[in-house]
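Enquirer: Residues per chain, in single letters:
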Amino acid sequence: MLAGIGLACRRGERLVFRGIDLELGAGELLLLRGANGSGKSTLLRLIAGLIPPSDGLLLWQGKAIGDAEAYRAELAYLGHADAIKPELSPSEDLRFWLEMRGLRQEDERIAVALARLGLEDLGRLPCRLLSQGQRRRVALTRIAVSGARLWLLDEPFNGLDETSVAAIVALIGEHRAAGGLVIMAAHGAPPVPASQEIDLSQAAVSSLEEIE
Amino acid sequence: MTYFVALLRRDLRLALRQGFDAALVIVFFVLAAILFPFAIGPDPRLLGPIAGGVVWVTAMLASLLSLERLFLADYQDGALDLLALAPEPLSAIVLAKVAAHWLTTGLPLIVATPLVGILLGAPAVSILPLLASLALGTPTLSLVGAIGAGLSLGARRGGVLIPLLVLPLYLPVLIFGAAAVEAGTSGASLYAPLAILGALLLAALPLAPLAAAAAVRNALR
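Sequence order for the protein chains is V and E. Counting from 1, one number per residue, gives the positions in the first sequence under our numbering. Counting from 1001, one number per residue, gives the positions in the second sequence under our numbering.
It is worth saying that the hints were derived from the structure and are not from the lab. Ideal placement from N, C-alpha and C gives every residue a C-beta, glycine not left out. Treat each hint with caution, since some may be false.
[What the hints assert, rightly or not] Label pairs and their computed distance ranges (CB to CB):
(1) E:Thr1002 with V:Asp161: 46 to 56 Å
(2) V:Glu69 with E:Ala1203: 21 to 31 Å
(3) E:Val1111 with V:Arg128: 27 to 37 Å
(4) V:Asp107 with E:Leu1164: 42 to 52 Å
(5) E:Leu1031 with V:Arg104: 26 to 36 Å
(6) E:Leu1164 with V:Glu162: 23 to 33 Å
(7) V:Arg124 with E:Thr1002: 51 to 61 Å
(8) V:Leu129 with E:Leu1031: 27 to 37 Å
(9) E:Leu1164 with V:Glu197: 22 to 32 Å
[Unchecked claim] Footprint (simulated), chain E over chain V, 3 or more residues, beta carbon under 8 Å:
(10) 14 to 28
(11) 110 to 121
(12) 127 to 134
[Unchecked claim] Which residues of chain V face chain E? A few of them, derived with a C-beta cut under 7 Å, are:
(13) Glu69
(14) Phe96
(15) Glu99
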């Protein structure tokens, strides 16, 4: 469903990675591993379409993705930052992002999704009062209710307690069982079974080598 | 259109909850205008003829002051990534943000203008042309300013960069805005300067969001 051929990324003078091939079908989870700075986040942003590849081709259902709005409708992205407004409550924030995707969701569905990550009592508090872990969970709830088929998760378990990690593992499991795709960047061993792995430490090229 | 309204409503709600941030523009506008009688003297024969120009310059500077806010918070907290990934054209998303920016800066400036005009002893006949020229000119300021705000993202001291990028582009608006006030005061026809302000707005309306969207995309790379 999602395929990458010979993906390369150059930032300024530095070649971050090159020759990355990937192919992901329904229900699969691709784990991106590698040391800090090896380009996991860069590859995720490249797959999201935020960074154009310096070389190579990214295909979604056999078609090259350019600035395709159809592709963007299929993906949900969780970056380093939680993208949460301190002035808004979690429910307001979630409702806004759902509306941006053209989905009109009843408040009830948002409440149910928040409850799954143990946020049921916090739905109406402004997010500035939430802890870092709680904000991360709000951001993950945004992914869970997005209805997107492809989840791009950058270190989703950072700063979370065991209960939340278990809840998110369950969410990812359900998403995959429903035919969803997940690409996750993580250092260390994340508590989810991966169907594929790419180790970017090996793909990284730190010199000023040229891309063909 | 759901997304346009949703984003507009969210940005207005954020501006409302930030409270003082939004009010700062008006406070600056009034305070800066009040400085002129102190510096030039309270004589209405001196102040009256320059009041229109003073209002235009201070309104422009106040609008400039607020431009950094346009994308910076969303850029820093990662929300701009998600906006760029929304399944809608980024230029339309930028336009919604610009609309919210104008409603929270341009519109309040226009509302405060009669008060500032009276404080400066502007001739009564010049108030209406002043309001008309600001109504046509300030949306262009927000639109053009978005390009500078987008380009300054990711730059160190981006806030200082914006005026350098944007002020040259503001000049046509200032020139014809002031010309409209001048025409109104001297009893000449307002049509030509207002028509040109309108033309500038119509040109900026489709073009500026495209340029600003490209600048934002570039900043997110």
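Enquirer: To test your reading of the hints: which numbers does this structure violate?
Expert: As far as the earlier hints go, 1, 5, 6, 7, 9, 10, 11 and 12 are violated by this structure, in ascending order.
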